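Undergrad: Using the hints, position chain B against chain A.
Number of protein chains: 2
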Amino acid sequence: MTVPLQRVGCLELILDTPRGRGVFSTRKIEAGTVVDTAPVIILNKEQFDNYIRHSLLQHYTYNWPMGHGTTRKYTIHQAIALGLGSMFNHSSWRQNVGWKRDLGKEVIVYTALRDIAEGEELLISYGSHLTFEDVEAARLEEGEEDVTDVLARIDI
Amino acid sequence: MTVPLQRVGCLELILDTPRGRGVFSTRKIEAGTVVDTAPVIILNKEQFDNYIRHSLLQHYTYNWPMGHGTTRKYTIHQAIALGLGSMFNHSSWRQNVGWKRDLGKEVIVYTALRDIAEGEELLISYGSHLTFEDVEAARLEEGEEDVTDVLARIDI
Chain A
8 MTVPLQRVGC LELILDTPRG RGVFSTRKIE AGTVVDTAPV IILNKEQFDN
58 YIRHSLLQHY TYNWPMGHGT TRKYTIHQAI ALGLGSMFNH SSWRQNVGWK
108 RDLGKEVIVY TALRDIAEGE ELLISYGSHL TFEDVEAARL EEGEEDVTDV
158 LARIDI
Chain B
8 MTVPLQRVGC LELILDTPRG RGVFSTRKIE AGTVVDTAPV IILNKEQFDN
58 YIRHSLLQHY TYNWPMGHGT TRKYTIHQAI ALGLGSMFNH SSWRQNVGWK
108 RDLGKEVIVY TALRDIAEGE ELLISYGSHL TFEDVEAARL EEGEEDVTDV
158 LARIDI
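Residue numbers (this note's numbering), protein chains in the order written: chain A, 8 to 163; chain B, 8 to 163.
Bound conformation, chain A alone:
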């Protein structure tokens, strides 16, 4: 299976913002543009609970549901977002980039929620309210658990 690693070509990292590193655009990005496709490294519950939870990397993990064969059951693992996924800062009211997990392809796709101006910072929501539906949410929603919560990123 092949995953195109879409990324806009106009991004830069500014190191010394008030919140540390941040991702900015050097030109206008149109609403709907895929700004980054970030592969993830999946850590199972044991790995996360025993090691990663106690480290700096706990702040960089996304919940990552892993199914059990053909059943609707799944376990919540944790995933470290590569690409620029771990570089976007958070805003609950100025977010301009949405994200969705592709559980099968093991990537998170980040998309402009509206036009983003030249010089503007790209901001995502780390909260539990997904900005748009996860690729596989529909499948999992057939189960009994509250998928909106299950799929939500850990608040940090």
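Since the hints were made in silico from the structure, they are not lab data.
Since this is a predicted model, take the numbers as computed values, not measurements.
Please note that the accuracy of each hint is not assured.
To be verified - Anything over 12 Å on all C-beta distances counts as not near chain A; from chain B, calculated:
1) Arg14
2) Gln54
3) Ser62
4) Leu63
5) His75
6) Thr77
7) Ala88
8) Arg101
9) Gly105
10) Thr118
11) Ala119
12) Arg121
Claimed, not checked - FRET-style restraints, in silico, Cβ to Cβ:
13) Asp56(B) / His66(A): 18 to 28 Å
14) Lys80(A) / Lys35(B): 42 to 52 Å
15) Asn57(B) / Gly27(A): 28 to 38 Å
16) Thr78(B) / Ile21(A): 20 to 30 Å
Unchecked claim - Derived pair list, reagent style DSSO-like, types lysine-lysine, alpha-carbon separation capped at 27 Å:
17) Lys80(B) / Lys35(A)
18) Lys80(A) / Lys107(A)
19) Lys35(A) / Lys107(A)
20) Lys35(B) / Lys52(B)
21) Lys35(A) / Lys80(A)
22) Lys52(A) / Lys112(B)
23) Lys112(A) / Lys52(B)
24) Lys52(B) / Lys112(B)
25) Lys52(A) / Lys80(A)
C-beta: ideal position from N, C-alpha, C; glycine also.
TA: Quick look at chain B alone, frame taken from chain A:
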């Protein structure tokens, strides 16, 4: 300080290669092209020794020398490469992508060592022989330690 996040626009991830995931090019890339600029997350020795060393992520770390003020002394920390840095497979004899750390900007820059053909996998060397000099190697080489070894990535 600003870091352009250079990335060629022709990369794709193939999930089911004999070695798991791998990065491939959909068109020719010319020698010398920056294929990716990967920010890193730096983990100090305590974080690494206590937690990360015991986890799956131990396989994804680069040595990362951190200086002590204006002295020439430094401590070797570990860094997780974001971007595509952790997705490139290894080849000691077919490597076509070189990498160098930029310690000040906290990124690793990956560059085509030769022309890369359409459909070819991008491969780096994980070994201790750097494919080209680190940005700050010259500064550190003024010290007493063996910088070639110090800067080398952990073999995995």
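Undergrad: Could you tell me which of the hints above the structure violates, numbers in ascending order?
TA: When the structure is compared with the hints, numbers 1, 2, 3, 4, 7, 15, 17, 20, 21, 22, 23 turn out to be violated.
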